[in-house]
Amino acid sequence: MSIYTPPANWFQKPKGAERLWVGLALIWCMIMFLAMPYWHFFGKQNSTGEGYKVTPAAYSQRVQQFIASNKVGDVNGMPVVEPAPGGDAYLQAQMWTWLPILKLRMGQTYRIHLSSMDLLHGFSLQPLNMNFMVLPGYDHVLTITPTTSGEFSIVCNEFCGVGHHLMSGRIIVEE
Amino acid sequence: MHAVVAVVFLLIGGIGAILLGLTRWPAVHLLDVNWYYRILTVHGLNMLIFWMLNFEMAVLYFACTTLLNSRLASAKAAWAGFILMVVGGIMVNIAVFTGTSDVLVTSYVPLKAHPAFYLGIILVAVGTLVCVINYFATIYIAKRDHTYEGTVPLVVFGATAAAIIAVVTLLHGAVTMIPTFLWSLGVIETIDAAWYRITWWGLGHMSQQVNVCAMVSIWYFLGTMTVGSKPLNQAVCRSAFVLYILFINVAAAHHILVDPGVSAGWKIWNTSYAMYLAVLASMIHGFTVPASVEVAMRKKGHKRGLFGWLAAAPWSNPGFSGFFLSLIIFGFGGGITGVTLGTQQINIMAHNTLRIPGHFHVTVVGGTTLAFMAVTYYVVPLFFQRDFLAKSWCRIQPWVFGGGITMAALGMSFAGSFGVPRRHWDIDFTGAQFAVGFDSAAHLWLAVLGVGAVVATTGLFMFILLVVGTVFFGRSNAGRPMEAWHTEQSVAESTKDENVAEDEDHEAPGTVVLALIFLLTFAVYYFANWKWLSDVWEVR
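Line by line, the protein sequences give chains X and P. Residue 158 in our numbering sits at position 158 of the first sequence, with consecutive numbering throughout. Residue 1054 in our numbering sits at position 54 of the second sequence, with consecutive numbering throughout.
Hint data in this document are derived by calculation from the structure and do not stem from the laboratory. Backbone N, C-alpha and C fix where the C-beta goes; we use that ideal spot for every residue, glycine too. Among these hints, one or two may not hold up.
To be verified - Computed list of lysine-lysine pairs in DSSO-like fashion (alpha-carbon distance at most 30 Å, straight line):
1. Lys103(X) - Lys53(X)
2. Lys1143(P) - Lys1076(P)
3. Lys15(X) - Lys1303(P)
4. Lys44(X) - Lys103(X)
5. Lys13(X) - Lys1300(P)
6. Lys1391(P) - Lys15(X)
7. Lys1391(P) - Lys1531(P)
8. Lys15(X) - Lys53(X)
9. Lys1299(P) - Lys13(X)
10. Lys13(X) - Lys1143(P)
11. Lys44(X) - Lys1531(P)
12. Lys53(X) - Lys1299(P)
13. Lys15(X) - Lys1299(P)
14. Lys1299(P) - Lys1391(P)
15. Lys53(X) - Lys71(X)
16. Lys13(X) - Lys1303(P)
Said to hold, decoys possible - Covered stretches of chain P (chain X as the covering partner; in silico rule of three or more C-beta atoms under 8 Å from a C-beta of chain X):
17. 1108 to 1121
18. 1147 to 1159
19. 1185 to 1194
20. 1267 to 1277
21. 1337 to 1351
22. 1410 to 1423
23. 1444 to 1457
Start from the sequences and build out the full structure, keeping to the hints where you can.
Structure below.
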C-alpha cells in the first residue's frame, strides 16, 4: 500500500510488463535524446543562439546606418530596406514598432540582427510561425534563408506594454 | 489552513480564468486592454503560485503527520510560514489590482513592477521555505520517535521528493527576486535581461516539478484509497521520484531555446539528457499508477477482457474519476506536448505561441489541479468530519472540470499551431501599422478555448461551492466510519490486505495496451512536428 510502510524486502528488481515498459520508455527517451544532435548536424532549422552584447544606443546607430545605405522605398512612412544577399540586415524592436521593412530574396542567406531598445519583445514571423526572443542589450543574430516568397508579418509575441497588440512589421520576400 | 487559503486563491484565479477566456474568444472580447493584462497577471500568480503552493504545503503536512502518525515539529513555525505566505499573497494581489504591477507571472526585467510585488513574492517564498523545513524536521522527529517502522510510505517518499525540489526552486527564486526587488527600489541600477530569464526559469519551471511530484504522490494515495491498489514495485516507483530530483532542474533550460547568447550545445545538452531522464520518470509513473489500479481491480474479480477492470472502476466516486482523469489528461495531453515543445529545434515553431499555455493547462490544471480536487473529496470528510453536500454534484464535478479544461487546452494548442501568440489582447491587430491576418481556423480554435474556459470554470466554481458548503453546512460524520463514496468497499476494508505479494500481482495486460497506445500517439505527434519544422525557413 502506498500509504503504509512497505515490507522490509521492498527493494526488488522490476519484472514482467513493468520491466518491459521501463525498457521501452528508456529506448524512446534515447531516440529523442539523439534527435536533437542529429537535427543540429543534418537538419536546416537550428537556433544556435548567436548573440553579442550591445547597448541600445549603439545598436540604434547601426540600424540607422543600415537604413541609410540600403533604403529602396517607403510603405506607410516605414522605410523599406533591401540588404545585399549574403549580407547583414538589422531589425530594431521598440514599443511598438519593428523598424524597418526588410526586402529579401528567396534562396539567399542573410544575417538578420535583432535587438530591442526598451523591453523584451518576441519576433514571430507569420504565417510561417517562426519565433525568436529579442532582448535589450543583446544583438541576436539569425542566419536565415527564406525558402518561400510573399509578404510576411512580424508580430511581437512577448508582452511589452499596453500597445503590445499593435506591434507588427513586415518582411517581403521576392523570387 | 493552507488548503482553505489555497481554495480562496483558487477562487480569485478562477474568476480571472473566465474573464480571460471570454476575452480571447474573439467574438466576445470582454476585457479592455489594461484589464486583460492585469487579470492575466492575477490569474497566473494566484493559480500557479498561491493556490498550488498552499495546497502543496497542506499535502506535505498531511504526509508527515497523518501518514507517519507523528506530531508536527513546530506549530509556531507552521503558523509563521503560513502567515508569511498569506501576507505575501495578499501583497502581490493588491500590487497588481491597484494597477502598479501589470508584469504577468514572469515579470521579465526591465519591465518594472511596484516593489511590493517583488517583496510579496519573496515573502511567499520565505514562508514556503519555513514550511518545508518544518516538514523535514517532522520527518526527523517521526524517525527518532519511531512513529513508523522501516521505510517511509511511497506517498511520503514522493512528498519528500517534492519538498527537496521546492528547496532548490526557492533558492533560485531568492537569486532572482532579491536583486530584482532591490532594482525596483533603485538600489541596483540595471539587471541583465538574459541573466534574469535564465535564473527566473530556474524558479519558474522547477516549481512546476514540485507540482508534478505532489500530483504523482496523490495519484498513488488515491489509487490506494479508491480501489485499494498498491505499487507494483516500490523500488521502481521510488527510483522514478529520484530521477525527478536529480534531473528536472536543468530541464528548465527549454524556455531559453530561442534566446540569444546561449549556445546550441548548452541548449541541446540541458534539454536532452536531463529532460529525458525526467520524462522517463513520468513515463514510469504513467505505467505503474494505472497498472496498480488494474491489478487491484483484477484481484477483486473484475477480470473480463482487457479493459473490464477499467469499465468496472468506481467512476462515480469523484476521488477516483478526478484521479484517473488527471492521469489521462496529464499523460496524453501534457506529457506529449511538453516533451515536443521542449525539443530544441521544434521550439522555434512554438515559443511564446498559445501552444505553450495549451501545454501547461493540461499539465497544471487538467493534471495537478484536478488531482488536488480529487484528494479533497477524501480530505474534507476526514479533517472537517463532515459529509459532502449534494453528492451527485460532486460526482459530476471532475468530469465538468476535466472536460472543460481539455477543450480549452485543445483550443489553445491548435490556435498556437496557427501562430497565435500567447499573452496577446487582440489577434485581429485592429489599428496596427501593418495588418496581420491569422487563418480563420485560428479564430475557431479560440472560440473552442472560450467555451472550454466557461465549462472548466463552471466545474471550478462547483468545486468551491461544494467544498465551502460542506465545511460550513455539511452533516457531521463524527464517530461514524468514513464513507468511501459508496464504492463497494469501505476505506478500511480496501486497505486491509497489504504486504501480500503474489506473482499474478504484476499482470496488467490492459495497462500494457494503454501504454503502447500512449507511446504510439507520442511518436506520431513528435515526428509530425519534425515534419512541420522541415517546412519553415532555414535558420542557423
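Name the hints, by number, that the structure is in violation of. 6, 7, 8, 12, 23
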